[in-house]
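Asker: Need the complex rebuilt from these two chains, each delivered in its own frame; the hints are there to steer you.
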Amino acid sequence: MSDPNQIQRLRRVVQQFTKDPLPADSEESLFESGLLDSFALPDLISALEQEFSIKIPDRDLNPRKFDSIARMEEYLKQHAG
Amino acid sequence: MPAYIHGFGAHLPARIVTNTDIADRIGKTADWIEKACGIRERRWTEPEISVADLAVAAAQNCIENIGQQEIGLIIVASGSAPGGFPGPATEVALKLGCAAVPAIDLPMASAGSLFGMVMASQMCQQYRDILVIGAEKMSSVLQVGGAPDPNTEILFGDGAGAVLISSRPGRWRILDSALHSDAIFRDRLSFDWHSPLKMDGLTVILQASRKLPAVIEEVLTRQNIVTTDVAAFLMHQANQNLLIRVAKTLGVGEDRFYLNIAKYGNTSSASMLIAAAEWAESNPHPSSPIVFAAFGAGFHWGALVAGDDTALG
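Taken in sequence, the protein lines are chains X and S. For the first sequence, numbering that gives the first Met the number 0 begins at 0 and goes up steadily by one. For the second sequence, numbering that gives the first Met the number 0 begins at 0 and goes up steadily by one.
The shape of chain S in the complex, shown without the other chains (with noise of 0.2 Å):
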């Protein structure tokens, strides 16, 4: 039974952090810090701002672009979510006043967004329309430990990025995915609120420069679609130099990838989201297919593709 993308949502806190406003607590230059990782500013919300509030206007959002009334299931992935229980999940089915909808936590950082997405397409066919969002408060995360990391401080932002998945005919019908995981890489890239987030870099760049493009043309291939006919490439924002070596291992164009990187910073799983958000606002009648890939702690990853049914014949 197919899935269908309906639109998406998003919400940024309107507080701009600077590459200058950080510069001077982790020793380093505004320069250095964008020539480092692509990025110009970040957004941090307030302190008293949750991630289910995070989560709850990136979902508004996506409920107003949409026009969907009906929920008949809510996937929450955030690693920044604080621990304990329930998790945001409830909390956002209540504040969206649906607090009788299953709502699931889904508590991974990165690529939680793209896993949330393949479930609701596989999901969908029980539940309808599903709501997947993706939020991230990491600049709570950045406050854990001691001095601050200039490798971990400069790369992440806040936010919220949401997508309805139904099983009712919508914009994109979703043609393939794949979902992978790693777990002897589960210590390279974590965090557990009692001490600083831990990553190594090098791993990590390393391992998503080669899987990224390998889960892209797995589930291209399947579908016998070659990489320059995808429209776009809606994309986890972790590091612009590493997407734009995606790209070029794949043979298209930095154009194809939608980034947003340079003004959010790393907004771990809900940056796929917002980046699919502002691409379909600003591609009122968009080209298909589209790819969405993700890379993260885990190591988890994988990608998603999804064609107009009319485009695809």
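Isolated chain X (complex conformation) (with noise of 0.2 Å):
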């Protein structure tokens, strides 16, 4: 994902769901920062799921791979239209 305007509606979903800001730095992982808990990363993903109309199979549901901004885009690139 290298459209701005899709990283920034990632941007916009994934801030729906933590309780400060996002980092600066894309790496960073959401869950050590405490930014997202087990119980928000469902909503999390049905929201991008929502946003980007796609079906995330449960298969793909691995918490590694939606840890960070930067995982996130990277899942986003590949599966997203």
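A few chain X positions that, by computed beta-carbon distances, are all more than 10 Å from chain S:
no.: 1; residue: Arg10
no.: 2; residue: Val12
no.: 3; residue: Phe16
no.: 4; residue: Lys18
no.: 5; residue: Asp19
no.: 6; residue: Asp24
no.: 7; residue: Gly33
no.: 8; residue: Ser52
no.: 9; residue: Ile53
Label-pair distances were calculated between CB atoms; the ranges are:
no.: 10; chain 1: X; residue 1: Asp19; chain 2: S; residue 2: Ile243; range: 22 to 30 Å
no.: 11; chain 1: S; residue 1: Trp31; chain 2: X; residue 2: Asn4; range: 36 to 44 Å
no.: 12; chain 1: X; residue 1: Gln7; chain 2: S; residue 2: Asn282; range: 46 to 54 Å
no.: 13; chain 1: S; residue 1: Gly83; chain 2: X; residue 2: Ser45; range: 43 to 51 Å
no.: 14; chain 1: X; residue 1: Asp2; chain 2: S; residue 2: Arg255; range: 39 to 47 Å
With a straight-line cut-off of 27 Å between C-alpha atoms, the simulated DSS-like cross-links for lysine-lysine are:
no.: 15; chain 1: S; residue 1: Lys197; chain 2: S; residue 2: Lys27
no.: 16; chain 1: S; residue 1: Lys27; chain 2: X; residue 2: Lys18
no.: 17; chain 1: S; residue 1: Lys247; chain 2: X; residue 2: Lys64
no.: 18; chain 1: X; residue 1: Lys18; chain 2: S; residue 2: Lys34
no.: 19; chain 1: S; residue 1: Lys247; chain 2: X; residue 2: Lys54
no.: 20; chain 1: S; residue 1: Lys197; chain 2: X; residue 2: Lys64
no.: 21; chain 1: S; residue 1: Lys34; chain 2: S; residue 2: Lys262
no.: 22; chain 1: X; residue 1: Lys18; chain 2: S; residue 2: Lys247
Keep in mind that the hints were calculated from the coordinates and are not lab data. The beta-carbon is built from N, C-alpha and C at its ideal position, and this holds for glycine as well.
Answerer: Structure (structure tokens):
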């Protein structure tokens, strides 16, 4: 995902589920920093599916794939149209 | 051929272990524990009590509640029974006075009793009255390994639950069920008696949050039942926050979900039947349909829906 508009959409979706502003470093773990907890993640996944019109299969539901903004960007780059 | 649920039983050890009792040992506060998992206390049995002892007590309670004397088959689900063979099922049969009754061990944590119920619903045509028991001594699992892990130490409790399923007409007719497994995730929640229990909590919660509502919808849709018509959801009591989340996803009120995890913790395969026994005891004239569902180590998950023949017309 290199489209700045899409990155902005991603950050806007993630921001809905974090307790504090997103880190400037897109590689920073949102779980280790305490921004996301285990119960926010399922809601975030559903919101990503809706925003980017994709269906994320259960087999892809590995928290490591959605651990940071950069990893979410990478996943969406591969799976979102 | 139909299968029927006749009634439930449960047994909880007398010893209560509060959050305050374990907080110092794991370096957390009692409030932190309750906020993390919704658990205020759990029961841990005495060391000399076995999984089979807990199972027998729950089975006897179930037999007393129903007034049933004949047992054609026994299924004992447990993820915390000691390794080796034979498993606890034959000991349970012996102590119940039915040593010659076929007895099957189901070495499954969490979803074990749900899988046992589905097996019983298929096997009762041949074996008629089948006693399914989920029994766990999770306190012994927590003692394996080094320093206690706060993420698991706070969760688990001991106990046992039982249900009688029969081909004879009974209180609830089993309408449908679905079982699933995905071995890709088998190392995300595991225990082998040689090292501490391993749990990838994020993955467990993430997968359970999606799979539990999906499998419940799967069986309800096949039966043309909408979630809001379900009288009670009797679930594996894994985590209170998870169950509240499942209720929200299904669009039903939390009050439809029987919750007792605050006082017993997660008793793994026993929890769903303990919840069912308490729910049945507190609802002498319960509505229907009712839904059972569980998710856990394996990953294994499933759901079963049962209804009152008269209520369903």
